[in-house]
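Asks: Protein sequence lines, in the order shown, are assigned to chains A and B.
When we follow this note's numbering, the leftmost residue of the first sequence carries the number 1, and every step to the right adds one.
When we follow this note's numbering, the leftmost residue of the second sequence carries the number 1, and every step to the right adds one.
Since the hints were derived computationally from the structure, they do not count as laboratory data.
A portion of the hints provided could be inaccurate.
[Unchecked claim] Restricting the straight-line Cα-Cα distance to at most 16 Å, the calculated cross-link-like pairs of lysine to aspartate or glutamate (EDC-like) are:
(1) A:188 with B:188
(2) A:427 with A:12
(3) A:285 with B:18
(4) A:226 with A:215
(5) A:285 with B:19
(6) A:91 with B:188
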Amino acid sequence: MSLDYDHLVQEDRVHRALYTDPAIFAAEMSNIFGATWIYVAHESEIPNPNDFITRKLGLRPVIVLRDANDKLRVLFNRCTHRGTTLCRHEKGNARAFQCPYHGWNFLNTGKLRGVPWADGYSSDIKDPKFNVAQVPRVESYRGFIFATLNEAAPPLLTWLGPITRPIDEWLDRNPGGKVFVCEANRFKFKGNWKLAYDNSSDGYHVIYSHRSLLEMENRLADESNKGMAYYKNSPDALPMYVQYMGNGHHFKDKRPNLQPRPGGLWAIESTHPGMEHAQDMFRAKYGERAESLLDLAGSEPVNVNIFPNLSLLGNHIQVFQPVSVDETDAIWYGTRIEDVNGDIGDALPTINALRMRTQEGFPNFGEVDDLANFEQIQRGLQCPEDEWIYMNRGLGLPDRIKHNPDGTITAPATDEVFMREYIKEWKKLMQARPELTIQREP
Amino acid sequence: MTMAAVSQDPSVASYYVDDAFYGALVARFTGWQDEARLIGDYPERDLFRALLEREARVLDQHDYDSWLAMLTRACVYWAPGTPQAGDPRTEIAVMFDDRRRLEDRIYRLRTGYAWSQAPVSRTVRLITNVEVFEAEDADHRMLRSNFLISEFWDNQVRVLTGWCGHHMEKTDGRWLIRAKQINLIDCDQCIRNPSIIL
Ligand code: FES
Ligand SMILES: [Fe+2]
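Please model the complete structure; the sequences and the hints are all you need to start from.
Replies: Structural data, given as structure tokens:
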């Protein structure tokens, strides 16, 4: 049965099959997680020559590495002999990978270096077809490494387009415009990956899905203004907004809600271990500079969502990793900073320690509730006769949605326009016939 | 001044989690399981075993007030995100709570809007292999124990397992938990709904 995507994706709603049909999931693993640029790792995870980290590109096990010549490569984690994975470690440093099954030995360029008893082969074992398959296109944007199997995909920068602005801003508030990955809060949920991507700019769920968090964050506050408390009354009347950025990317910007001054971000930070100590110590020691130092530990109130699997929010690099049609891993990589320009000095350890604690807050007390709701959507969608899921909030209201000259679309914070737009891009990709290719060293 | 006295209360303000605190915590949880410091005295081990069993029971019963009373005022509850525990100053942990954040955690569970715990998980904890290690003086002990938590949630039972390090401190004649380090064996893997107190 061929799938009629024009029927499944309509102006105001999508069919439940997008979340429940294994055939659609299987198609996504090539048309999306194969044919578009997929985030695979951050350069700070493989800073040195021969560093590697094992990841997945869709469902394909891959080794993301920096070879001896500093070239970034994404190798299929698959031996060319009989198919076993070459590397079972999550990360490390290696010039070569020796297959644990029969001992074929590959350089980290993918080239076959040697096999046991080569004289037992009649044909040339140095034939390039025995070199490890690798992803033909690997590009990095300011430390974020992306890969695609689609030779016809546009250059990474073109494909990112206007979303580079919020990516740049997210990075540039950190010293030297750099962040460094430092472990993660790692979650699994029994639901389709798009439930997480749908949620990533969703300003409509905050007040209810995160009600326990909002109450908790404000239990000790003089006035209830901590964390995402600004969602409480009329969020659509506030200066924050959601913006569709093209190519499936979208952006939720809550920064306009802040007081525009150093410390404006810190002022709404909810409570975290060590915060009063750091605050008093910084103010006594660094005077005016204290506020911007504290802001470095605070959670940047943006969601920069890069289709289909990357989301920058707070100080996190969140990755959505599909497992099956109804299972997804959501990994919240934490980031720390370094004193790249030498102007942070001895405040650095305290900032980073505090930044670790602020980053643990939302995953522990917010994300768990969203994930429970995603799982319950997956369950609700097991009613086949009730076919549609709505994303029509804001649709058809005059003067609510603004089309900008650069092609982006802006709307009030709780609008679902970003879902309607990204799912059009999804549909376009699903209707395409991309050619996926691999490459081997010559 | 009363204001200052109130603001120092670790349930309200977090002053004790400073650089020295982190340094001491990391040092304490490094290399402490030293055979030479193992206490072979069974009555003493039984005393701590009873204490850990009580902790397991009050948590299974969601009796969080009793549990909080088992901890020192300036306590820490730490579930590292890597098997070697790492340094919480430069690594994200699965959980790292001071007194106030622990009280936050419990407050959240009680709001009635914590969807990840609605309905609430039922748990049964087995605590075994308790070993007691000497620390700096007779008022401090380090405990190692293994745990196996059966958690019934969302129509199924799953198991969370690992080992704990407890730093115990004798305060006014009572042994209290000053630090609890929970080492999940899969702490660096994706975990479904990690929302109960371990
Ligand atoms: S499968 Fe790798 S050497 Fe045989
Ligand atoms: Fe959310």
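Asks: Decide, hint by hint, whether the structure agrees.
Replies: Evaluated hints:
Using a Cα cut-off of 16 Å, the hinted pair residue 188 (chain A) and residue 188 (chain B) holds, with the two alpha carbons roughly 12 Å apart. Proposed proximity of residue 427 (chain A) and residue 12 (chain A) is supported: the alpha carbons are some 14 Å apart, at most 16 Å. For the suggested pair residue 285 (chain A) and residue 18 (chain B), the alpha carbons sit about 15 Å apart, so the restraint of at most 16 Å is met. Annotation: proposed proximity of residue 226 (chain A) to residue 215 (chain A) holds, straight-line Cα distance about 10 Å (limit 16 Å).
Proximity of residue 285 (chain A) to residue 19 (chain B) is assessed by CA-CA distance (about 15 Å); at most 16 Å being required, the pair is judged to hold. A distance of roughly 12 Å separates the Cα atoms of residue 91 (chain A) and residue 188 (chain B); the hinted pair therefore holds under the 16 Å criterion.
The structure fails none of the hints (numbered hints given earlier).
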